[in-house]
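4 protein chains.
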Amino acid sequence: MKVSFGCELTYRVAAPTVFILNIEAARIPAHAGLADSLRSNPALHFTGYAAPPFDNRYARFLAPPGPLRIGYEGSADLQLRRANPAGIGEVPIAALPLELFSFLQPSRFCEADRLANVAEKQFGSINPGFERVTAICNWICSNIEYKRGASNPQTSAAQTLEQRAGVCRDFAHLGIALCRALNIPARFVSCYALGLAPDDFHAVFEAYLGGTWWLFDPTRQALLDGLIRIGIGRDAAEVSFASMYGAAEPDSMRVFVTAADPAAPSRERTVDAISTG
Amino acid sequence: MKVSFGCELTYRVAAPTVFILNIEAARIPAHAGLADSLRSNPALHFTGYAAPPFDNRYARFLAPPGPLRIGYEGSADLQLRRANPAGIGEVPIAALPLELFSFLQPSRFCEADRLANVAEKQFGSINPGFERVTAICNWICSNIEYKRGASNPQTSAAQTLEQRAGVCRDFAHLGIALCRALNIPARFVSCYALGLAPDDFHAVFEAYLGGTWWLFDPTRQALLDGLIRIGIGRDAAEVSFASMYGAAEPDSMRVFVTAADPAAPSRERTVDAISTG
Amino acid sequence: MKVSFGCELTYRVAAPTVFILNIEAARIPAHAGLADSLRSNPALHFTGYAAPPFDNRYARFLAPPGPLRIGYEGSADLQLRRANPAGIGEVPIAALPLELFSFLQPSRFCEADRLANVAEKQFGSINPGFERVTAICNWICSNIEYKRGASNPQTSAAQTLEQRAGVCRDFAHLGIALCRALNIPARFVSCYALGLAPDDFHAVFEAYLGGTWWLFDPTRQALLDGLIRIGIGRDAAEVSFASMYGAAEPDSMRVFVTAADPAAPSRERTVDAISTG
Amino acid sequence: MKVSFGCELTYRVAAPTVFILNIEAARIPAHAGLADSLRSNPALHFTGYAAPPFDNRYARFLAPPGPLRIGYEGSADLQLRRANPAGIGEVPIAALPLELFSFLQPSRFCEADRLANVAEKQFGSINPGFERVTAICNWICSNIEYKRGASNPQTSAAQTLEQRAGVCRDFAHLGIALCRALNIPARFVSCYALGLAPDDFHAVFEAYLGGTWWLFDPTRQALLDGLIRIGIGRDAAEVSFASMYGAAEPDSMRVFVTAADPAAPSRERTVDAISTG
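Going down the list, the sequences are from chains G, C, D and X. Going from the first sequence to our numbering is simple: count from 1 and add 521. Going from the second sequence to our numbering is simple: count from 1 and add 521. Going from the third sequence to our numbering is simple: count from 1 and add 521. Going from the fourth sequence to our numbering is simple: count from 1 and add 521.
The set of hints was computed from the structure by calculation and includes no laboratory data. Glycine included, every Cβ here is placed at the ideal spot set by N, Cα and C. Check before you lean on any hint, since a few could be wrong.
[Unchecked claim] According to the in silico footprint, chain C covers these stretches of chain G (three or more CB under 8 Å from chain C):
#1 708 to 717
#2 721 to 734
[To be verified] List time: in silico DSBU-like cross-link candidates among lysine-lysine, alpha-carbon distance up to 35 Å:
#3 642/C <-> 523/X
#4 668/D <-> 642/X
#5 523/X <-> 668/X
#6 642/D <-> 523/D
Using the sequences plus the hints, can you model the full thing?
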């Protein structure tokens, strides 16, 4: 499926400010034929960096005082992996690749350690594997209210569980924390997403099951097979869309994602397991 | 300086348990001629993994029920880099290597975001660079009581600041959080350390200043030029000495570190800047 | 039912220490014929105070350095009010006596404000009244593990909900917070309790329903019709058994409660609504 | 000094809503000749309650859907007690009236227990008494930024200490928590205040020293001898200006306070100890 995506961000810069953006689509095989461009007005020099191991693309630049406009546009042929979720199990700790252990650890916004008992009591007896992570997402979708303004950039999974409200980032953090608490590696994914209304940046998560990282969206708002991955991180701290060091204020933001073939995706929500890997 | 070090850990294993240990000294140039061995009783098969980018050495094994003894012994010729701290400055954000940005982010136990105002008000006007990080360490040493039992494995920097008490791990977390809040990259270092009484595992931190990672120990308990690095992480979550998945209880722990040349280190505390890098 | 009760507390006092005890049974009509005595060894002068509006009995004394033994013994004929819980409803805010409004407010250990959404989502659609408070207690009993050492004197209801473990005090705090979040006045009750094994001080709570304060014990450990009330407070902060100002350490504690008539209480748990009021 | 004061509050009521207001000046001797009136438009029936032991005046009414306007106006001749702060000491625990002990306990927004070590390390060695409480207020005024929007109704003293920013309510909570942590009884005071710009409700605190409750304002914004007391509570939870049960939104708020004699108060800030008691 051919997808076009991008964003336009404007800022009011009061003093020279270093920006670090993570808004470019990842250069991964799932994004076949990825073509994109990042521009600013005024035209500034960008330093790019594809951070291993996920090749998140960071762009840094120094903005002078005044209005600033960032434009990003891209297109790619989305080639996702699909599978039947039935039979996708958990990988026992004894067999888990050791490089994945950091995705079992608690992180700033995913306090898996604090939620260990909640996870065990609520999901400990559910069949391990895809079914259990689906149960976690279902629970989140039913029990956490999607509510703009209910959270802030310091809100963590434990707080979201208490407040019972949040946005996509909070939903993903809670899903990740609960998975890790059950010894399922999980990580944060920032993305462009088909199906959101209105268009916006989106956040979902991946859980490592049956030897593959599978996508999960506890908000149930986007099309799981219509996600263009931007960054992967332990949590949102590592894949912030825009970090600013100086004195600048966001002014406006516009995100757009469109399927080139209007018939696809059919607005039917897939029940397949989906992976970008 | 030739240093011998190691530990002996015993456990009571109630059911088959996966252990992941991070107690082996890092294979870095600073540890010249590193020779070591890890053994268990009963003898078990270890899977080793040197995790990039820091080559933390993890050893995984499956322990059967019963008593378990882990023994680790090593020796190395410690070759540290020394410098005059005067004139070691901070690296401006615009010039910071982009791969270091994750060490500016908040992590589970180092909530730099929550401590931003405290850091700014307390240390914002101090001369940037080595002097400022030293001021942070001095403040921690004077204002946080070193007290066993004051914290637990879930204690974070923000809590340590509130409780005004903790152990080496807490001191390091607080130092890291305050540095990051001031845009100084900082990371956690677990180690064997000369000078502790009694011998124990130790935790310090590194701050990135003047293009190098420098060691800091806000507890002022160990000799900064007598540290054998085990692991590096964003915080303690990534370099836990022993993670257990199953049913096992720690029984006893003994750590030992000795300088082969008894005259060295002179027990004079160095005022040099020290780096393992 | 005639009940005997009391406690023996010993301390090691290192320096002159002011003690404030709240271990004496309340002088209320439900404790008919209450006869009791409080003694110390060494013999010290007590200042007593029956604090309005609940007449919690506080005893203050200054203990010199050395060992200290506190003994309290009492007996009373327990005269409780019983009712059929069916049909005991909630009092609408518009009709609630204004002097009860402070029992709707959050307190140190009962953060009703933070748990408002949890309470609403979990219990908002249950029939108001005794049935709803019973549902809260059932949920707590099923989902919170009774576990000594899981909490400490600073643990609050929000933390208990997160940790899913605690002791009687934590169970009561969580019950109170959830009730208040649903606009049901609720308060903390410290007591001697028949049915505990082993004997210990106990904590339950009261909810104001149908114009009366009714007892609830989410631990399901004591006999609801075998409670000798000591203190009433917004939460445990107000009815601490022993507050010490100085330098003293608790040494041992023994609590005893016995029904004079061994046939009563039948060990059958009552399903009546019970009130001391 | 003759003072006029009052407020006008408007709401949009969406469904029948119970309001409980605590905006009327307390009927205390310090408010000599207090004359006031509370009205609503539409005209509603108020139920009044002067809550012991402080006689906070609560007014309850049921508002129908539609716009609602509350008007309160009063005047009084402010008769405050003044004293030389030198020599006002702390009352030892052994001599403290037992009815004041609840003002040593932690409350929802004043976690004195959590701040015990901070208080001891920061203020433990300062001369006890008025001087120490003044030092606490000076520290708060210098280290906490007065910033609208920095806090919300759930913000507590421990969070304010961490965030280093807040409004008058947060300043008072932090002052109270630190006093209680040092065994100085302290309580929250809501009031009308001369000297604020712009006029607004204000919050200060009282500490019990030398046998009297003395006023302290860590914001240093109002005139300490120009405060008209509304309510006294353990913290803000007990003296909320307006509690609403139903569906209503605040629309506008106007507060006014004027000294009838324009020459008084001289805008000189008093250095006397001031008490309403």
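If you look at each residue in the segment 721 to 734 of chain G, do at least three have a Cβ nearer than 8 Å to any Cβ of chain C? Violated: only 0 residues of the segment 721 to 734 of chain G have a Cβ under 8 Å from chain C.
Between residue 642/D and residue 523/D, does the CA-CA distance stay at or below 35 Å? violated, 43 Å
Per the coverage rule (Cβ-Cβ under 8 Å, at least three residues), is the segment 708 to 717 of chain G covered by chain C? violated (count 0)
Quick one, are residue 642/C and residue 523/X close enough, alpha carbons at most 35 Å? violated, 41 Å
Are residue 523/X and residue 668/X close enough, with their CA atoms no more than 35 Å apart? Cα-Cα ~31 Å, so holds.
Taking only the CA atoms, is the gap from residue 668/D to residue 642/X under or equal to 35 Å? Holds - the C-alpha atoms of residue 642/X and residue 668/D are around 34 Å apart, at most 35 Å.
Checked against the numbered hints listed earlier, the structure breaks hints 1, 2, 3 and 6; every other hint is satisfied.
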